[in-house]
Amino acid sequence: MGIIKTSKLIFDYIRRDEEENIEEIKRAIDGVSLDIKAGQFVAILGHNGSGKSTFAKQLDAILLPTEGTVWIQGMDTSVEENLWEVRKKTGMVFQNPDNQIIGNIVEEDVGFGPENLGVPTEEIWKRVNESLESVGMAAFRLKSPNRLSGGQKQRVAIAGVMAMRPQCIVLDEPTAMLDPNGRKEVVKTVRELNRKEGITVLLITHYMEEVIDADRVIVMDNGKVVMDGTPKEIFSKVEELKSYRLDVPQVTELAYELQKNGVDIPDGILTLEELMENLLPKFAERFPGKVTLGNGVKDGN
Amino acid sequence: MAIKAEHLNYVYGLGTAFEQCALKDVNLEINDGEFVGLIGHTGSGKSTLIQHLNGLMKATDGAIYYNGRNIYDAGYNLRALRSKVGLVFQYPEHQLFEINVFTDVCFGPKNQGLSRQDAEKRAREALTMVGLDESFYARSPFELSGGQKRRVAIAGVLAMKPEVLILDEPTAGLDPRGRDEILDQIAQLHKERNMTIILVSHSMEDIARYVDRILVMNHGEKVFDDTPKEVFKHYKELEAIGLAAPKITYVVHSLRDHGVPVDDNITTVEEARDEILRLLEK
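Taken in order, these protein sequences are the chains called A and B.
Residue 256 in the UniProt record's numbering is what sits at position 256 of the first sequence, and the numbering runs on without skipping anything.
Residue 132 in the UniProt record's numbering is what sits at position 132 of the second sequence, and the numbering runs on without skipping anything.
Source of the hints: derived by calculation from the structure; they are not laboratory data.
Among the hints, erroneous ones may be present.
What the hints assert, rightly or not - No farther apart than 20 Å at their CA atoms in a straight line, the calculated lysine-lysine pairs in the PhoX-like style are these:
id	chain 1	residue 1	chain 2	residue 2
1	B	84	B	4
2	B	282	A	282
3	B	149	A	26
4	A	8	A	37
5	A	224	A	237
6	A	184	B	236
7	A	260	B	282
Computed from a predicted structure; not experimentally measured.
Full structure from sequences and hints, please.
Here it is in structure tokens:
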């Protein structure tokens, strides 16, 4: 069993009238069975209302299954005695940085989580230091969070989660409100935590470019898992993704369009480098002596 | 000419310890019927600038002319200006509050002093413009999807019949299809009704696809003001100020750096496809 496992998970939002009679039932998750290995970087894609965020909330026991089971490191989230342990294992980061920062200064905010867990003071400071270091925000520890940029605030939010020493971080569209630089900062931070500290990452996003070097991509639609594979496998299926209201990175789209028009290019090109490897030899043939093969310009993202 | 700003300066917290210059000598002109993109990193002054354009914020000094008249002149009707220059804030769906979609959209025109009948007529028109039919009218705005809510919010501004529509990140948080739908709708308003549009966005890909001209802000100053293809040629400078060019720009420049004679005016996937196919004689 992986760090996160769900079996036939179903979740219904139930609306009741004033007399507690059921008015409407909306099934947000419909039979999801997944097994996620520790240390993986997993991206979840899906259109607005596809069930991604509801799924994320199951992993931290903010919501509990209507039917089926969620296990975090083998612990069933619906067993009340497991609740605190489950919440210690998974940390959540949400979309709006301003809604998740409460401290007057950065270090205070980061220390809030472990303090709440009853961690001894000395240990709290140690964790605050390490967490701020790991997201590259140590220089800002005495600054007021409201003077920070969006990307910096999200990194503080991530540090706050890291200070609770989770095994797994779930990020629900952490970059939706950020500018391109802020997005890069946050994605880079998350990737480093995954690689260096071995934290399992679940990243929910609408930005296809952020998904390219995930280990695994899961696509949700109507509460179900409809695609599951490596980024290459998923982004090879351009039309299928579009049918789920999603998209592919621009480079992938260009390669796909060229392929459709008779250029010999493999499926699922994800990066500029891959595209160049495939295009340059063709141009070298077409313009002999003019085109050089080798390293291209640095990718902007 | 619709909007002209001359030597616009704005200082936050003037005379306090937190004094911060948010706009520095900004000069710009937005012409009737233009579709302009406004980009800049968080804190570059974009939002401050757009709030000046409809008189919500008053410049520390400088002037703004709307159709040739200085909006800071004594006796200028700022209330009327705010109806003519419609501003759709970020996450506008957070401002929905009425019991149903139709009433919410009626709120603006009613506040303008229109009769109930006229307000309802405006609301119908506005909801049609954003692609919401009568089946939505009686629904609670809170039951709608993210994209639908946002359309209702945009309709609320359109119902006031603005001549200029300013949208602050209208696609933030929407899925890719939702993003395309909203932007296509806005492009249609621009085309069919000749509405002047100012689009604030962090998505260079969207900007490249839709706008005629880009204004780039950095530290309160306007640093570029040109067509997308010209602005994105400066992708290295854009990166230096926390922005980027559309992904496709990097493809084009990488090809050029390797000696492929590809046109460097390309900013969209379609253009790149056509150019590569042409060069490869496919």
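Comparing the hints with the structure gives:
1. A distance of roughly 15 Å separates the Cα atoms of residue 84 of chain B and residue 4 of chain B; the hinted pair therefore holds under the 20 Å criterion.
2. Restraint check: the Cα-Cα separation between residue 282 of chain B and residue 282 of chain A comes to about 12 Å, which is no more than 20 Å; the hinted pair holds.
3. Annotation: proposed proximity of residue 149 of chain B to residue 26 of chain A holds, straight-line Cα distance about 19 Å (limit 20 Å).
4. With a C-alpha separation of about 18 Å, the suggested pair residue 8 of chain A and residue 37 of chain A falls inside the 20 Å cut-off, and the hint holds.
5. Restraint check for residue 224 of chain A and residue 237 of chain A: satisfied, since their Cα atoms lie roughly 18 Å apart, inside the 20 Å limit.
6. With a CA separation close to 16 Å, the supplied pair residue 184 of chain A and residue 236 of chain B stays within the 20 Å bound.
7. With a CA separation close to 11 Å, the supplied pair residue 260 of chain A and residue 282 of chain B stays within the 20 Å bound.
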